[in-house]
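Asks: The chain contents come next:
4 protein chains.
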Amino acid sequence: MINIGVIGYGYWGPNIVRNFTGTKDAKVSSLADVNPAALERAHKSYPHLKTTTDYHELTISSEIDAIAIATPVFTHFEIAKNTLENGKHIFIEKPFTSSVKEAEKLIELAEKKNLKIMVDHTFLFTGAVRKIKELIDGNVLGTLYYYDSTRVNLGLFQHDVNVIWDLVPHDFSIMDYVIKEKPVAIIATGTDHFGRGLEDVAYITVYFNNNMVAHFNVNWLSPVKVRTTLIGGEKKMLVWNDVESDEKIKVYDRGVKIENREGVYNLLVNYRSGDMLSPRIDTPEALKVEAEYFIECILNNKVPINDGYSGLRVVKMLETSDKSLKNKGKFIKL
Amino acid sequence: MINIGVIGYGYWGPNIVRNFTGTKDAKVSSLADVNPAALERAHKSYPHLKTTTDYHELTISSEIDAIAIATPVFTHFEIAKNTLENGKHIFIEKPFTSSVKEAEKLIELAEKKNLKIMVDHTFLFTGAVRKIKELIDGNVLGTLYYYDSTRVNLGLFQHDVNVIWDLVPHDFSIMDYVIKEKPVAIIATGTDHFGRGLEDVAYITVYFNNNMVAHFNVNWLSPVKVRTTLIGGEKKMLVWNDVESDEKIKVYDRGVKIENREGVYNLLVNYRSGDMLSPRIDTPEALKVEAEYFIECILNNKVPINDGYSGLRVVKMLETSDKSLKNKGKFIKL
Amino acid sequence: MINIGVIGYGYWGPNIVRNFTGTKDAKVSSLADVNPAALERAHKSYPHLKTTTDYHELTISSEIDAIAIATPVFTHFEIAKNTLENGKHIFIEKPFTSSVKEAEKLIELAEKKNLKIMVDHTFLFTGAVRKIKELIDGNVLGTLYYYDSTRVNLGLFQHDVNVIWDLVPHDFSIMDYVIKEKPVAIIATGTDHFGRGLEDVAYITVYFNNNMVAHFNVNWLSPVKVRTTLIGGEKKMLVWNDVESDEKIKVYDRGVKIENREGVYNLLVNYRSGDMLSPRIDTPEALKVEAEYFIECILNNKVPINDGYSGLRVVKMLETSDKSLKNKGKFIKL
Amino acid sequence: MINIGVIGYGYWGPNIVRNFTGTKDAKVSSLADVNPAALERAHKSYPHLKTTTDYHELTISSEIDAIAIATPVFTHFEIAKNTLENGKHIFIEKPFTSSVKEAEKLIELAEKKNLKIMVDHTFLFTGAVRKIKELIDGNVLGTLYYYDSTRVNLGLFQHDVNVIWDLVPHDFSIMDYVIKEKPVAIIATGTDHFGRGLEDVAYITVYFNNNMVAHFNVNWLSPVKVRTTLIGGEKKMLVWNDVESDEKIKVYDRGVKIENREGVYNLLVNYRSGDMLSPRIDTPEALKVEAEYFIECILNNKVPINDGYSGLRVVKMLETSDKSLKNKGKFIKL
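Residue numbers (my numbering), protein chains in the order written: chain A, 65 to 398; chain B, 65 to 398; chain C, 65 to 398; chain D, 65 to 398.
One or more hints might be untrue.
Which copy? The list can't say, so a pair holds if one copy fits it or any two copies do.
For lysine-lysine, the following DSS-like pairs were computed, each having C-alpha atoms within a straight-line distance of at most 30 Å [to be verified]:
hint	residue 1	residue 2
1	K195	K114
2	K244	K390
3	K244	K394
4	K352	K108
5	K387	K352
6	K91	K244
7	K289	K321
8	K321	K390
9	K390	K314
10	K392	K321
11	K392	K299
12	K387	K321
13	K246	K88
14	K390	K299
15	K352	K394
16	K176	K289
17	K88	K145
18	K195	K244
It is worth saying that the hints were derived from the structure and are not from the lab.
In this text, all values refer to a predicted model and were calculated from it rather than measured experimentally.
Please model the entire structure based on the sequences and the hints provided.
Replies: This is the structure we're talking about:
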């Protein structure tokens, strides 16, 4: 039985407590949050929880095996470091850290202590993303042309990070998981409308070594919720509409074959427009699957797919995007 | 009665012939196309048409008052110049020309000769765009935050131009029409997947003097047809989905009001989420409305909203976008 | 503090326990279910609950004030009768009872004992239905022409009732709530595909005294989930799509005005096609609102909108529909 | 070369003229309409057409081989009879005639004279309906459970017929074409809201010998256009949404397998929920395909799939539906 301590009971914390509580071979014994009102709310639903406003009580506790960290990103490094130093595994909210340097230090520390880091890239545990990975790994799409994601909403304005650090971790972690090709450079544009120095609209282009390109459109100021990803391949093309409750993924047998010949009018273009298939997708709660996987990784000493290195790769792309954005869309190599 | 000659009977030419034929105070008497098969097709539907493979027969004809040019863009300048020199008004496909320089020369020539240039920015004559302009002019949206357009499809690969020159003229001309603010700089990214040197996927960010930003996502390799524009304003936000046959425009009473206070946790964000209104939109055929307007501008010596300068502004943005794209997303001032 | 006992912990029971637990001035102390496995599941989430397989322990308990009954409909009468006889209020799943006769007896008993009956017509507590009632009460739609509902799905086949008794209670209770006119006759058609004598597809027409008509299409064998209601009025027309997460209700300024003149060709029809408005709808959990309302009705001795008579009217229409269905669509007066 | 005369140039006539004009081995030489303004409109587009207000000029003309009749239904019998008596084939708008008796007489007459009757059931020539027929004929859906059609709109109120005679011919002709089972009885309900004696809302249930059932919901008073047909089969289920421009047909691998055992709780239900496939559909203009087919049937003496008997079967169902509707939903055997 893995004993989990949870630090942070704001927006996402309650989901973490609920899911680890329901997980076989795990229990949640203690909760820390700087806000006493949050602790009170938690106590109503889970009367058995030990609660505290000082997270150190959890990190030093001899009863606790692992700690789930669901606090603002700027606190991640300190809390995670303290947790690892006290010999406990960590399950940590995305983005992993505020900087590449912090991520590298935590990875190093965990390796030295032989502890697990799992970064909560929840989407990797959805039926939709798993199906996409399966389709790409099975070469159903063929050589990839582009990965084009839109994630906009009348979003929760964050206090401490811009829209890139808030929304793009989802998409970078998904892309990192499903696509084998490695990104080589980034250009990001965007703007801040409220004089906070924190952009609320951003557009990111990620270049790859072959001609593949990825693009991310994120926006906290959209009147409608859009969560659509198009993945174009030579053999098939895929649309993932995560706002739909059914038929989230559609795979189109559509494409183009181009034969270049001499002269501008001798281009031969063959268009293919066949059937569309929407595969069945299993839809258990992703965080539930991920919680079970975390326990399994600890018990069986497995390296999680969403380990510290996965978190680091995402943070590196975020950091680079942010830097490009701050420098008028400068082209920056990764 | 304005006698129209039409040059070019490929994809768009038949629509031009049909609409000018049906226009009061206009008739189409002659047609030129380098392709005899195109002329034959035209003759079946319009037995009265004089047809020729040499467009000069039309430009020098003393019977013709105006010429509609629906040929590939690289031929625009030569044909338009010849037409204007022969004292005839021009109605010309978008994009106006292949370069700013060409556009400027044609404008100068037309002014000297006191002739009309109308660039076929068809979308300006749709009910949807006219409604958007009405809403923005009436300050229904308030100060604009962003203009975000997606126009993707399994598109017709062009022989001579990339996806920017093919699709973005629609969006640049619409934005130029509905938004008063003037763009100041452009960054464009994208790629070519077929080794033609002609990009099939592109992303353009347009900066404005205030914090407004515009973004354009164009793609010839999408399995699905998307034509969506989001316009975010301080007072209202608008979604224009041109693929819908009904309820193309939705105006959302949604937004955010942010009060910055000292300290990271003292941010006060008020979210507003009210009704959505989808205004009734009239849907006559846009090209029909535009054809009538062209005749009206000639007969009453009016300056068209889509005159040569409108065409020039669009070409300038296209040229700049293309230059940025070719230079790894370089930030280029307009 | 109202002490609630809950009988039945199958599909809906967990929602009832959770919502009454979270309600001010209420607590859930005891649970009965014939299935020990259900009790065990409940105990995990709510360790404080007293559980029993004999519901009589609850109905005779002196600590319990009211009982929520979430058992199969054929058990409703017996349990409800026993509960009322023991002086406790009832909150009871839809449909209220298996027959008009049973409903009448329970109402009589409750009145004699001065106890509350609340039939769980949950939809009456959704933001959507409340908005529809507001629009109809405010005469926004004008004289009603028709009420047309489709509720189909790959549905849970019930063991003891047909699709009418399973799905139509939702729609009859909604119609009964939002429409003042009283139904006068019913015709129902449908069929059973599995030789169970329990129809899985049914179509019901309800006639009213004026020319209004209502229609209900219910189906357990649909591959897709449809929950759409159209309400046509002289002034406005409304579409309620409950499957949408946003913009559930759309009010159309569309209609027809007909002037009958002499002779078949002298009909004058004016079509009106104006704006569409999608009003903002509040979306708290309906069962939560209803649970609070039940407590409020008990504490303040109010007559619920969804009282026994409401339940009776619905059961009367169900019984009549079923009778018509069994008699080849016989026209039966209510 | 088949010389076609066209009678009637109202709503549908222009489409008939245009399509037969464009058909190989056919030409349209003459047009009759009682309304001179209609003839004038036709003359503008087709200057070569001979026009007349007296249709007899066409039926007696020795140059004309076949006549397309696009007049109101109450005139069909007289014009068709006159045409056949004068030895010409007929292509006639749906519904074929106003009564079964009329349809039978025309069929008899055509057979005696060895002439073709083609009833313009245009939908049979769409890619969607042809795909549905292919799927059903290929036993992809398995034994059929139900056929459920909704065809509603803010419709053109007809002067002389109710909504059943106006809209249901489409659906009856489609069902007659794609489904082998024969209907045995009909129940129809509905109402008229404008005191014209012509119902604008109607609901029709069609019973078959096995447990299959069909249902048709038609309405001239809907604010939105819905054209959806669900076809439930034992093996697969199909949704045809004709309002969509793409993905009109979706085939779902979803269903139910029920094993009845003794006792109410021993029902074993297996739900199947697999992939969805949206087959590619060809979308040439249906009337164009049908026009070519008419010429082919004449030239090669083939019996059309939409011959007089097809028209008769549809009229029989319409007549029966109307009779049931006028008799409070009486169950009427076919």
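Asks: For each hint, tell me whether it holds in the structure or not.
Replies: Hints and how they fare:
1. K195 with K114: neither (39 Å within a copy, 43 Å between copies)
2. K244 with K390: Classified as both; 28 Å inside a copy, 26 Å across copies.
3. K244 with K394: both (25 Å within a copy, 28 Å between copies)
4. K352 with K108: both (22 Å within a copy, 17 Å between copies)
5. K387 with K352: Answer is neither; intra-copy 35 Å and inter-copy 47 Å both fail.
6. K91 with K244: neither (36 Å within a copy, 54 Å between copies)
7. K289 with K321: Answer is between: at 19 Å across copies they meet the 30 Å cutoff, but 34 Å inside does not.
8. K321 with K390: between (39 Å within a copy, 24 Å between copies)
9. K390 with K314: Classified as neither; 36 Å inside a copy, 33 Å across copies.
10. K392 with K321: Close across copies (26 Å), not inside one copy (36 Å); limit 30 Å.
11. K392 with K299: Cα proximity of K392 and K299: across copies only (28 Å, versus 36 Å in one copy).
12. K387 with K321: Cα proximity of K387 and K321: across copies only (27 Å, versus 38 Å in one copy).
13. K246 with K88: neither (36 Å within a copy, 54 Å between copies)
14. K390 with K299: Between copies, since 28 Å is at most 30 Å while 38 Å is not.
15. K352 with K394: neither (40 Å within a copy, 45 Å between copies)
16. K176 with K289: neither (43 Å within a copy, 52 Å between copies)
17. K88 with K145: Intra 27 Å, inter 42 Å, cutoff 30 Å: intra-copy only.
18. K195 with K244: So K195 and K244 pass the 30 Å test inside one copy only (15 Å; across, 39 Å).
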